[in-house]
Amino acid sequence: MSKIEEKLFQDRYRVDADRPHIQIKDAAVCAKCRNQQCTVCCPAGCYSREADGTVALATDGCLECGTCRIICDEHRNVAWEWPRGGFGILFKFG
Amino acid sequence: MAEKFDVIVVGAGMAGNAAAYTLAKGGLKVLQIERGETPGSKNVQGAILYADAIEKIIPDFRDDAPLERHLIEQRVWVMDDASYMGTHYRSEDFNKPPYNRYTIIRVHFDQWFNKKAREAGVLTICETTVTDLLIEGGKVVGVRTDRKGGEIRADAVILADGANSRLAVKAGFQPEIKPENVALAVKEIHFLPQETIEARFNIGEEEGVVIEMAGKISAGMMGTGFLYTNKESITLGVGCMLSDFKEQKVTPYELLDRMKAHPSIAPLIAGSEMKEYAAHLIPEGGYHAIPQVYGEGWMIAGDAGQFVNGLHREGSNLAMTTGMLAAQTLIELKVAGKPFSAANLAGYKQKLDDSFVMKDLKKYRRMPEIFHKNKQFFTTYPDLLSKAAQTLIRVDGVDKKSKEKEIRKSFVESRSLFGLIGDAFKFWRAVE
Chain R
138 MSKIEEKLFQ DRYRVDADRP HIQIKDAAVC AKCRNQQCTV CCPAGCYSRE
188 ADGTVALATD GCLECGTCRI ICDEHRNVAW EWPRGGFGIL FKFG
Chain S
451 MAEKFDVIVV GAGMAGNAAA YTLAKGGLKV LQIERGETPG SKNVQGAILY
501 ADAIEKIIPD FRDDAPLERH LIEQRVWVMD DASYMGTHYR SEDFNKPPYN
551 RYTIIRVHFD QWFNKKAREA GVLTICETTV TDLLIEGGKV VGVRTDRKGG
601 EIRADAVILA DGANSRLAVK AGFQPEIKPE NVALAVKEIH FLPQETIEAR
651 FNIGEEEGVV IEMAGKISAG MMGTGFLYTN KESITLGVGC MLSDFKEQKV
701 TPYELLDRMK AHPSIAPLIA GSEMKEYAAH LIPEGGYHAI PQVYGEGWMI
751 AGDAGQFVNG LHREGSNLAM TTGMLAAQTL IELKVAGKPF SAANLAGYKQ
801 KLDDSFVMKD LKKYRRMPEI FHKNKQFFTT YPDLLSKAAQ TLIRVDGVDK
851 KSKEKEIRKS FVESRSLFGL IGDAFKFWRA VE
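Taken in order, these protein sequences are the chains called R and S. Each residue of the first sequence is one higher than the last, beginning at 138 in this note's numbering. Each residue of the second sequence is one higher than the last, beginning at 451 in this note's numbering.
Read the hints as simulated data drawn from the structure, not as lab findings. For every residue, glycine included, the Cβ atom is placed at its ideal position computed from N, Cα and C. Incorrect hints may appear among the rest.
Taking lysine-lysine pairs in the BS3-like style, the calculated list, with each CA pair at most 27 Å apart, reads [said to hold, decoys possible]:
#1 S:506 with S:801
#2 S:479 with S:565
#3 R:229 with S:823
#4 S:566 with S:784
#5 S:681 with R:229
#6 S:850 with S:876
#7 S:566 with R:229
#8 S:699 with R:162
#9 S:628 with S:823
#10 S:784 with S:589
#11 S:799 with R:162
#12 S:851 with S:837
#13 S:788 with S:823
#14 S:813 with S:506
#15 S:566 with S:454
#16 S:699 with S:565
#17 S:628 with R:162
#18 R:169 with S:699
#19 S:699 with S:788
#20 S:823 with S:812
#21 S:823 with S:837
#22 S:620 with S:799
#23 S:876 with S:479
#24 S:628 with S:813
#25 S:479 with S:837
#26 S:788 with R:229
#27 S:725 with R:140
#28 S:699 with R:140
#29 R:169 with S:788
#30 S:799 with S:506
The following residues of chain S were derived to be distant from chain R, with all beta-carbon distances above 12 Å [claimed, not checked]:
#31 495
#32 641
#33 793
#34 808
Please build the complete structure, drawing on both the sequences and the hints.
Next up, the structure:
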């Protein structure tokens, strides 16, 4: 397991299967993005760079902080909503 | 829901619970909506509770609130990779009740606070996300939720929905958050036997220590680290400005792992069991980033209104106070039989201006910009201070005068004489 997976393994979630609350609006925009900083800044490591130069997003481990949406301020390519009520991260200690 | 309420409070964090509790005590009919499974399950804080703010709302909170330790010692560390240099302030005066500051675990505290609100008459519904404000003729008249038939009406809505106030942005009440106005903090909670914590920090039962950190742990970014002692656990984390995170290649979790491995920190958490990793945004824009906080039928409280004093690490007390003041504004209008119009809700802004909330934020209004433009306070100076201390302390046959000369030279070479004078002035301007 990578370092971030070991951390997230300690967290409690209720995953809303097949209903991601965050989506990349246009994959082509990410492919042209020079820094793809979401792959660095997301504290849950939800974003990763693909071999074809695009960015893949898996929201299951999302900590709902909002970083990805705010740092994508040049492209505004992140469609970001809260998960449905009761779903997503459920902090035990917070 | 066909029922109509005087007020809907969105969120069950510090601001939302303070507002809902105060409103219900004032005799208003309150609905509180929380998206988490329980109050607190979406909330993250260090966390330190400032007694003064909660005491003004629930004077006897100490009787049953879940408090971890009262703080008797504050440490401030400036760090490089191998060292820390710092001040420790410990006083027996902090050990006399009523205590001034406590460590808390937010999920536990929020559940307690919300129970108090419900006992006062608040109806709290959880597992419900508010998706939009209902706006008719320019006036907020309720909310739309993700529940079936989820429109609920009220005479006023208090937005206490936290650092990412999607509702305020969607409604056009405030612009999207800028990376330079917000910090990302990551933290972990580590469990250890109570006696181990007390031995490692030289404290007795129920006594606690805070360590605030700056320097190399933020990897050149504008940011700080923290470590708090709880009863049977230690919370530690690091936060940096998003505008800085954007410009570098260290992930937030790598930054946290480096901090945990620091030779001054690793022994404090050795042998512990990590039980949760969390991330959260902290509004850091200060006075100039505060948006319009009221309008026709709506008010904003807590992190949603950017009410955080970054320099003093105060946020939860500002959240509670703004929530309470928003509620008091509505109670006064209700008693006077006046509508919740923007003109009348301006009384909330007046209350904020008269309180420590806006007075403190105004005092430090220059700080965010000065620190943004002068990273040397987070990079060059910690290094210089550490080297200077080491030069002075190490006994190696070099005479003291030469050592002092070497230290002076290191400061002037790094920042130039004018740079040093300018930095001293800037630092003073930031905190004056």
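Hint-by-hint comparison with the structure:
1. S:506 with S:801: It holds: about 15 Å lies between the C-alpha atoms, which stays within 27 Å.
2. S:479 with S:565: Holds. Residue 479 (chain S) to residue 565 (chain S) sits at ~16 Å (cutoff 27 Å).
3. R:229 with S:823: Distance of about 38 Å is beyond 27 Å: violated.
4. S:566 with S:784: Holds. Residue 566 (chain S) to residue 784 (chain S) sits at ~22 Å (cutoff 27 Å).
5. S:681 with R:229: Holds, at about 16 Å.
6. S:850 with S:876: Judged against 27 Å, a Cα distance of about 31 Å means the pair is violated.
7. S:566 with R:229: holds, 20 Å
8. S:699 with R:162: Status holds; Cα separation ~24 Å.
9. S:628 with S:823: holds, 16 Å
10. S:784 with S:589: Holds. Residue 784 (chain S) to residue 589 (chain S) sits at ~17 Å (cutoff 27 Å).
11. S:799 with R:162: Violated, because 38 Å separates the two Cα atoms, which is more than 27 Å.
12. S:851 with S:837: holds, 16 Å
13. S:788 with S:823: violated, 47 Å
14. S:813 with S:506: Answer holds: residue 813 (chain S) to residue 506 (chain S) is near 23 Å, not above 27 Å.
15. S:566 with S:454: This hinted pair holds, its Cα atoms lying about 22 Å apart.
16. S:699 with S:565: The given pair, whose Cα atoms are some 43 Å apart, is violated under the 27 Å limit.
17. S:628 with R:162: Within the cut-off at roughly 20 Å; holds.
18. R:169 with S:699: holds, 18 Å
19. S:699 with S:788: violated, 55 Å
20. S:823 with S:812: holds, 19 Å
21. S:823 with S:837: The hint holds at about 24 Å.
22. S:620 with S:799: It holds: about 22 Å lies between the C-alpha atoms, which stays within 27 Å.
23. S:876 with S:479: Violated. Residue 876 (chain S) to residue 479 (chain S) sits at ~50 Å, over the 27 Å cutoff.
24. S:628 with S:813: holds, 22 Å
25. S:479 with S:837: violated, 61 Å
26. S:788 with R:229: violated, 42 Å
27. S:725 with R:140: holds, 14 Å
28. S:699 with R:140: Holds, at about 16 Å.
29. R:169 with S:788: This hinted pair is violated, its Cα atoms lying about 55 Å apart.
30. S:799 with S:506: Holds, at roughly 19 Å.
31. 495: Violated: least Cβ distance 7 Å, not greater than 12 Å.
32. 641: Its Cβ does come within 12 Å of chain R, the nearest being 10 Å, so this is violated.
33. 793: holds, 32 Å
34. 808: holds, 25 Å
Of the hints listed earlier, those the structure fails to meet are numbers 3, 6, 11, 13, 16, 19, 23, 25, 26, 29, 31, 32, in rising order.
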